[in-house]
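J.: What follows is the residue order along each chain.
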Amino acid sequence: MENPRLEMRGIVKTFGPVTALDAVDLVVGRNEVHGLLGGNGAGKTTLMNVLYGLYRPNAGEVLLDGQPVSIGSPKDAIAAGVGMVHQTFLQVDNYTVTENIVLGTDVPGPLRLDLTEARERIRELSERFGLTVDPDAVVEELPVGVRQRVEILKALYRGAKVLILDEPTTNLTPQEVDDLFGSMRAMVDDGMSVVLITHKIRETLSVCDRMTVMRDGRRVETLERSDTDAEHLAEKMVGSTTDPGAVVEAAALGAVDAEAVEETLSSVGTTIAVAVRDLVVVNDQGHELIRGFDLELREGEIVGIAGVAGNGQVELAEALAGVRPLRAGSVEVSGRAMGGLATSSWLEHGVAYVPEDRHRDGILPTASITENLVLGSQRSPKVRRFGLIDWGAAKQRAVDAIAEFSVRANGPGTLVGDLSGGNIQRVILARAFARRPRLLILHNPTRGLDIGSTRFVYQQVRTATAAGCAVLLISEDLDEVIALSDRVIALYQGSRAGEWPHGSVDAYEVGRSMTGLGEARV
Amino acid sequence: MTAPPATPPAAPEAAGPRRVADALWLVVPSVLSVVAAFAVGGLIILALGQDPVAAFESVLTTSFNTRFGTVETLHKWVPVLLCAYAFAIPLATGKFNIGAEGQLLVGATGGVAIGILWSDLPMLVLLPCVLVAGALAGAVWSGIAAVLMVKFNVNEILSTVVLNFISFQLIDYVASHVWPDRGAGHPATVRVGEGALLPGIGQAPPLHSGVIITLVLVVAIAIFMRRTSTGFEMRAVGANLRAAQVHGIRTSRLAGAGLVVGGAVAGLAGAIEVAGVHGKMLEGMQSNFLILGIIVGLMSRGSMIAIPFIAFGIAVLEVGAGSMQRTAQVPVEMVLIIEALILLFLLLSDIARAKLRRN
Amino acid sequence: MGEITELLTLMIPAMVPFLLAAQGTVLSGRAGVFNVSQEGLMVLGAAVGFLVSFKVGSNTVGMAAAFAIAGVFGLVLAYMTTQLRLDQFVVGLALYFAALGAAGLLYREVIGVTMEPPLIPTLEDKPIPLLSDIPFLGEVLFDHDLVVYLAFAISVAIWWFMYKTRSGLAFRSIGENPKAADSLGINVTWARTWSTVVGSGLVGMAGAYLPMVYTGLYTEGMVAGRGWLVIALAFLGGWRPHLVIAGAAFFAGMEVLALRAQVAGIGIPHQFVLMLPYVATLLVMVFAFRWARQPSFLGRNYDRESRLVG
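Protein chains in written order, with our numbering: chain A, 1 to 522; chain B, 1001 to 1359; chain C, 2001 to 2310.
Source of the hints: derived by calculation from the structure; they are not laboratory data. Honestly, I wouldn't trust all of these hints.
What the hints assert, rightly or not - Restricting the straight-line Cα-Cα distance to at most 30 Å, the calculated cross-link-like pairs of lysine-lysine (BS3-like) are:
1) C:K2055 with C:K2126
2) A:K75 with C:K2164
3) A:K75 with B:K1355
4) A:K161 with A:K75
What you are looking at is a predicted structure, and each value in this text was computed from that prediction instead of being measured.
Please construct the entire structure, taking both the sequences and the accompanying hints into account.
T.: So, in structure tokens, the structure goes:
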């Protein structure tokens, strides 16, 4: 390529014994939206964190406009004209939009704080690129889509020539995605380069000029948009399409149309396992985030909840797991009313919960695998003998679970905090399944997992439903929900906004319902 | 408020050679930390113009040279150890109890009250009552902090510490207004009844039998933390409060319970001091047990098994400190500095070990 | 009239140790470093301030020495928490013990056992010209020693820095979201280090003020838990310098009232009167932890390359 904007050559990054990046090259042209495509754990974000100075590479060099640059910190990256929008927004919650944007810049004088000029520039930038925000709003009060615009403006305000967007569409509705892609076009027309990190093939095909596919910390291939199609990209991302498991998984990753996957494994029974009526749940601040929610789950059925994050998913999951009290309404599991019971009673009655935030809600990082597997059943007669916990037996069960769930660990004494994300999820699943659950609640169960672990989660869900377990799959990955669920329910502002049986789901229609624009088909 | 430093005790499942290696990884850095702390302390003593060898000799040998030294060391070991538990048990749930001295004093008050009021009762009845009253009084005192924490979200570091200062005034009042011993020349209560005193062991100077009670407690606490559901739940809360909650553990109640149990142990220490050492309550009887307890608790880095051994080491240093000041003219505070240094070096050794083991 | 003026006039210097130490605590706290070694640093500051003043004959030099030695402890805290990422509470407690030990050791080495305790001259009142002539207010506010004015000036300066400057905007963001600050090129380690050093230094100065203001004597228990109350004060003020001034007035007021009541002998045993400031602290904390905000990242260490953060 003539005169590229950005070149990264032979980038190597290791974390302890793990090689996250193995001599990766990347070339991004001027006026180009460049897709960085790969499954979770492929090294896309790590590569961009190196470019942004958050990680120091062990080897390799970076050139901007043909000049070698040394980027040791985000400050260097900003000075060199690199901006990055992270998946989790790096914002100070109690600051205004303007304060967040000017933070760390030179306006005006270190011992004064005059934001009038800055405010004007922010207005001007947001108009030019179609990024509407109120400069004086406090960011913690803004919806996700707007907070993302603040992040983009932060980079533009600093005069970014290269803008990196890390999975920017995860929490957006299809309509917001279209707006974002429009803004990205406006930026490259204005002379910038944009790097789009994504695992969604459809997105790269619709907005990128060129794309680089990564897998297992290596660059697989770089392609022109006009020279490729979805099948080819899927093959490069997944590695092979001969493996039947890979098809479902590729569907979940957005590579193939979900409708093409014939769900032959469905095992929906006739008995109603879970009945939720008029459920009302409040968040920690006392706001009603779930209002009048009804749901029936049959044995062996997977119901998927699709929705934009922040529409009550966490509250719904926690209420049905018995972690958060019900404000009103009822939850029956196998005919027993669960409202008002302690979390431990829900557990005993066969409710298992795989929380969204594994590290925060799922594990004891400084405890062994054995101890983590005992967590939650420490009072059950199964783990106790003469009133005391029988660690010998618990250890034996841990050894079995490690084998059955293919946990990569040195033994049952390994501290769970030392495991990788995928292996942590395997421990959590092992614990959930050991209880032979009647209801399994999965919240974003594959987020951040590599392909092998994602596939493993899907297999385990199938095994559970085959045994008659009802599964509630709450996920922000719309493709995953559509591919796995027997029924899809759209959640909008704490209520159901539509329902579709497997096989007749239109992603755009679900998207409209998720934002309150759809015609409810309850 | 923060990730607690406590790591639950290593799981018992490590196999033979691994277990030896693990033990070495634990013992060698600890020994090096102690040696390094003494080396730095020696340099300071040199800078003060004194002889570090003589100083350390008297610090390390006083406890073992005479029966008197040994008995004194064991008598010191009891409150230091119990105050260490008072700190470490709540810490297992991630809570910092900085109130052991207040709990000890109030426990002593409870014990002394029973010992004076019911002084005519026979020992078989009175002594258990004194000890139980001490533990209960200590539990009530830390219970105030527990209620403030569970109900009102008040930071337990602050509440337990502030309660110490309240307890100083409280015992001053008891020693000067309620049961004052006017002849003592120092705020103190009158003596408790004969039946409230712990029987001595061996010839003079006798070892008080509170040491036996303490040994029993050591075993009970080890079993409690390691093998009971509640002990496991406490460690789970300390390791990750949210995850414990999600898995059905009533976390705030348990953290409050941890504080109350810690207070009970410190209160028992107060009662044992009354029944075994002083025979009465007097101002200043808390000595520096709070600080020593915290140091022991922090040095153990979460291992309940290690606490009695570390506490013994600290008791040896403390008994030696006085004779060091007499024989080598090095101020007693030197020992506190060395203890703080041991703690800091232990923390540093954790980092070094983590780095070395990774490579 | 006279009684109230006198109480208020006594309250202002009683505020000084609370102000200096609490503003120091707030300073490092807003960058995310929760220092819990205040009690030890105040004792050490009192000892060093006293001893240096005694030997050199200058309270100013004594004050500066207290600032310096406590600053060194702050540097150790900053290094161990920002570079080595050791737990802030544990390191803080270890430093508390070390400071206590150092204070006792220094006093015993320099003074030894004496029949007559050594004395240093107390600080002189320096009335501010013109302002001190205002009736009532002049007497209450503008007729004190220089450290009083300094403590208030420092409080205002810290407030101004945090809320009225660009650097302060950047500084406060570190205690709220260090990863965001770091991603914008703000140096988290440096900000945490300097604020912990300066903040600890102020705590040391607060200690040094105690022997210099009332008696000119150093006694072992003279800090009497003020170092801990200061942490309560930081929470009570919501970690905001201007509210801390109001909180300091409350704590100093309780202290002055308790002493007054003890002297006046109001019929209750004096022990209960002396309990009052501590009991009041407990009660006030119930409200403080209800409504007061604290920096979201207070007490937590930041590790840029940790894959778990954020």
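J.: Next step is simple, just say for each hint if it's right about the structure.
T.: Cross-check of the supplied hints:
no.: 1; hint: C:K2055 with C:K2126; verdict: holds (24 Å)
no.: 2; hint: A:K75 with C:K2164; verdict: holds (23 Å)
no.: 3; hint: A:K75 with B:K1355; verdict: holds (28 Å)
no.: 4; hint: A:K161 with A:K75; verdict: holds (15 Å)
The earlier numbered hints are all upheld by this structure, with none contradicted.
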